[in-house]
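Protein chains: 2
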Amino acid sequence: MAERGRGWARAVRGLLLDVSGVLYDSGADGGVPIAGSVEAVRRIKASGLKLQLCTNETQATRESFVRKLRALGFDIAVAQVTAPAPAACHLLRERGLRPHLLVHDDLVPEFAEIDKTNPNCVVLGDAAENFTYANLNEAFRLLIGMEKPVLISLGKGRYYKETDGLKLDVGAYMKALEYACDIQAEVVGKPSKRFFESALAELGVPPEQAIMIGDDIVNDVGGAQQCGMRALQVRTGKFRPSDENHPAVKPDAYVNNLAEAVDIILQEL
Amino acid sequence: MAERGRGWARAVRGLLLDVSGVLYDSGADGGVPIAGSVEAVRRIKASGLKLQLCTNETQATRESFVRKLRALGFDIAVAQVTAPAPAACHLLRERGLRPHLLVHDDLVPEFAEIDKTNPNCVVLGDAAENFTYANLNEAFRLLIGMEKPVLISLGKGRYYKETDGLKLDVGAYMKALEYACDIQAEVVGKPSKRFFESALAELGVPPEQAIMIGDDIVNDVGGAQQCGMRALQVRTGKFRPSDENHPAVKPDAYVNNLAEAVDIILQEL
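Protein sequence lines, in the order shown, are assigned to chains A and B.
Count the first sequence with UniProt numbering and you get residues 1 to 269, in order.
Count the second sequence with UniProt numbering and you get residues 1 to 269, in order.
No lab work stands behind these hints, which were simulated from the structure alone.
It is possible that some hints are incorrect.
Same chains, same label: a pair holds when it works inside one copy or across any pair of copies.
[As the list claims (entries may be wrong)] Taking lysine-lysine and the BS3-like style, the derived pairs with C-alpha atoms no more than 25 angstroms apart in a straight line are:
| hint | residue 1 | residue 2 |
| --- | --- | --- |
| 1 | LYS161 | LYS68 |
| 2 | LYS161 | LYS250 |
| 3 | LYS148 | LYS250 |
| 4 | LYS193 | LYS50 |
| 5 | LYS250 | LYS45 |
| 6 | LYS193 | LYS250 |
| 7 | LYS50 | LYS68 |
| 8 | LYS161 | LYS148 |
Start from the sequences, fold in the hints, and give me the full structure.
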């Protein structure tokens, strides 16, 4: 498919990359780089193209996330990562919200400066092992007890792939709480337009000169296209062949992996 | 409200009663009867009215559920309980389905006679403490791996009240799996029409001569009314004042509790 037409690869000045499933496959063991991706990131940087990672990662602070990526061989700085937790902190401050956190232990430091006494909202991240029956009931009771329940969800992904298999993502738990409380969550993270716009601002490139590359047909590809960007789906990570028949979202191109996308983009520069 | 008009209480031959929140408040300690309910059940039986319990209870076999109710003072027989698990077994046999069970440990014996090798569907009940991150991921992986995922949910309640507080019900977890797999579950239990019809068949009374009494505005009241029955909401259990402004469902009457409903019905006999 990538070979059929390359029009999508022209007039590019910056790339937004999803991380899990594009740079590496995550897992309890820290994960493993996807073949060719370390070299692809190196080539993007050498080419002069601007680069920003746009992730819904909420299992770690940006600092420790970047440490992990660097340990895997990716030459990335903290400022090159757009992630939901800092965006959520901005929103909480803006609206005077005091969150109860149902998030991964390693994400908690991102909220260190936020007042969490007497919560008037729930912030939901990919809590992984913290998605216990007791913790879900606690978040539910807080929400249902609020006059106007506010649920802020760090992403709404359905599932993702780790080295030991597929895992339910935050979106599934968001739906559980939405249904139980008869409310709609506010999503901070992909595919929210506001989130992509802040990633583009950090990239420093207008949408028509940027390409998003991700493995999630809805949250990466669909969300980026809604912002006027081109978007590619890689056939790595959680990509499934049935994605190529998605009823609503059609990527500008499919590529086998990040390395192939970068090959084509650099040839067209 | 119950006092304003009593037309709803005429020409009754049988009662369908929800159990948790109507007869008793459930809890880890076995629960406690709701004031007046033991006596109300005794009076129904003495009056000659037919009586059937119509429950979405899936934390125990009907046998152990009835043992618990009898220990609380309710004079009930196993045949007087219509519950989702036996209905699900009927459906599984009818369609040659082999379930993976994500249910409460105490419900498992209801499925003793069902072939569970090489599962081609998932049956979801109120698994309570079995709603672990690992178990939810396992059910998800089985579903997403099926060519045509079949999810059978024993009810779709949002939440219920136990003596130590509100708990997320099976419906919340159903929504999580539905969203993750992009599928629609088949619900066995209230408010499914087929389930109410089997309860009415066991009651032995046509819908226009039966009244459903429950604490759940949607699953008890709405579901029963869809089958042509009258339905009351009690102000016990998980009843919340905002239920009285429900946008879609309006009970034939509100009553403070089962005892008040029975008082009025027996006066009108």
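Could you work out which of the previously given hints the structure breaks and list their numbers from low to high? Hint 5 contradicted; others consistent.
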